[in-house]
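What the sequence shown shows, in this note's numbering, is residues 33 to 341, in sequence order.
Since the hints were derived computationally from the structure, they do not count as laboratory data. It should be emphasised that the depicted structure is a prediction, and the values quoted were computed from it without experimental measurement. Be aware that a few hints might be false.
Stated by the list, open to error - When the alpha-carbon atoms are kept at most 30 Å apart in a straight line, the in silico DSBU-like pairs for lysine-lysine are as follows:
(1) K271 x K315
(2) K312 x K284
(3) K145 x K164
(4) K271 x K284
(5) K219 x K288
(6) K288 x K197
To be verified - Label-pair ranges, simulated between beta-carbon atoms:
(7) D275 x H84: 42 to 48 Å
(8) R205 x N126: 29 to 35 Å
(9) P220 x R199: 21 to 27 Å
(10) E79 x E151: 26 to 32 Å
(11) G317 x I71: 34 to 40 Å
(12) P195 x G317: 28 to 34 Å
(13) Q127 x P279: 20 to 26 Å
(14) I130 x T206: 33 to 39 Å
(15) N140 x R205: 36 to 42 Å
(16) P185 x S277: 51 to 57 Å
(17) D339 x P220: 46 to 52 Å
(18) P220 x D278: 32 to 38 Å
(19) H106 x P279: 38 to 44 Å
Backbone N, C-alpha and C fix where the C-beta goes; we use that ideal spot for every residue, glycine too.
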Amino acid sequence: MYFPFMRGKQFELAALREVAPRLNPAKVRPIIEPINDKIDLLCATVEVLNKHHVIPHIIVNPQVGDLASDSPDHLNIEISARGVSFIPCVRLNNQNVIYAQTLLQQLNHDDVKFSLYFEEDIQTNITAHTSKAVANIIQNLNRYSHHFSNSLPASVIVGSSFPAKPRNADYSRTPQFFSDAHVTYKKPLIQNQIGFGDFLTIDDSWSTSGGPAFVIALHITYIDESNSNMYVKHCLSTKNPNDQSDPAGKFKEALKELIDFANMTPSLNQNTLGFQEYLKIHKNGTYHGLGVPKKLSMMHHIETLNDYL
């Protein structure tokens, strides 16, 4: 099963709503970390997912954003009151484990399904909770001891697969290896592994920065039919790389490279909702800002893995 990790930004939630009709609920379970107090938009997204029988995991004690200082029971109660179906996911580290266990005990008492997201090896004995969690999620296997990661039942490994660069101009035009987790999780890498995840076509680090770019980069993923590995192609603008002028023109340059690459790469699925929208934008010559292509690449990535599994 695939667990895409998404923060609750506007275009990430939009990506989930729009790709929802294509998702197989037996194959995809999104993890959402809310990063602002727009609970209505979050719950509207969960409603759409529920309509297509997808039940997301929602981190009720976010590490970043507007809700980071709220108590986990507050966010859990707030979302539960909206009548949507979700799995509360509790972040755990050695600093918050005692406090978080109060919520976990309440979830157990209320017979509510929950999942756990581990930021590190936990020194406290929490087997009473890991044994009941529907998923025990860890991020990047090298953060944990062999003993800890293999002691978790129903484990999921979320990898930081996207090869992020400080500047868009630093990306290589040669397709880069992204991940083979969609293959290796079946072996599995650790005992009791039930799934894998990633941060899609964005970096796992949290940032509120953004704005005009000197070079515009579009990222598109595909699974190579010859070896089953997933790769990411970075498509870059070339005009005026030393200033932030003409973002629409730069976007059209990068989009043309993306379309040309797809037409030369049979392994790239052009039938996803995200890619079909790229084709429409290319045909019409429109530009809607840089949030839209981020959304489309995320949609394409999720649907590509959904179709592979």
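Evaluated hints:
1. Under the criterion of a C-alpha separation no larger than 30 Å, the hint pairing K271 with K315 is consistent with the structure, at around 21 Å.
2. At roughly 12 Å between alpha-carbon atoms, K312 and K284 fall within 30 Å of each other, so this suggested pair holds.
3. About 8 Å separates the Cα atoms of K145 and K164, which keeps this hinted pair within 30 Å; it holds.
4. Distance restraint check for K271 and K284: the Cα-Cα separation of roughly 11 Å lies within the 30 Å cut-off, and the hinted pair is therefore satisfied.
5. Between K219 and K288, the direct Cα distance comes to roughly 39 Å. Violation of the 30 Å bound is thereby established for this hinted pair.
6. Our distance criterion of 30 Å between C-alpha atoms is met by K288 and K197, whose separation comes to about 22 Å.
7. Between D275 and H84 the CB atoms are about 44 Å apart, so this pair conforms to the stated range of 42 to 48 Å.
8. Checked against the hint of 29 to 35 Å, the C-beta distance between R205 and N126 comes to roughly 43 Å, which is inconsistent with it.
9. Taking the beta carbon of each, P220 and R199 are about 36 Å apart, not inside 21 to 27 Å as hinted.
10. Checked against the hint of 26 to 32 Å, the pair E79 and E151 passes, with Cβ atoms roughly 29 Å apart.
11. Range check, G317 to I71: Cβ separation about 37 Å, and the 34 to 40 Å hint holds.
12. Roughly 30 Å separates the CB atoms of P195 and G317, a value that falls within the hinted 28 to 34 Å.
13. Separated by about 42 Å at the C-beta atoms, Q127 and P279 break the suggested range of 20 to 26 Å.
14. A hinted range of 33 to 39 Å is violated for the C-beta pair I130 and T206, which are about 48 Å apart.
15. In this structure the hint that N140 and R205 lie 36 to 42 Å apart at CB is violated, the actual value being about 52 Å.
16. The beta-carbon spacing between P185 and S277, approximately 55 Å, falls within the hinted interval of 51 to 57 Å.
17. In this structure the hint that D339 and P220 lie 46 to 52 Å apart at CB is violated, the actual value being about 21 Å.
18. Separation of P220 from D278 is about 48 Å and departs from the stated range, judged on CB atoms against 32 to 38 Å.
19. For the hinted restraint 38 to 44 Å between H106 and P279, the CB-CB distance of approximately 40 Å keeps it satisfied.
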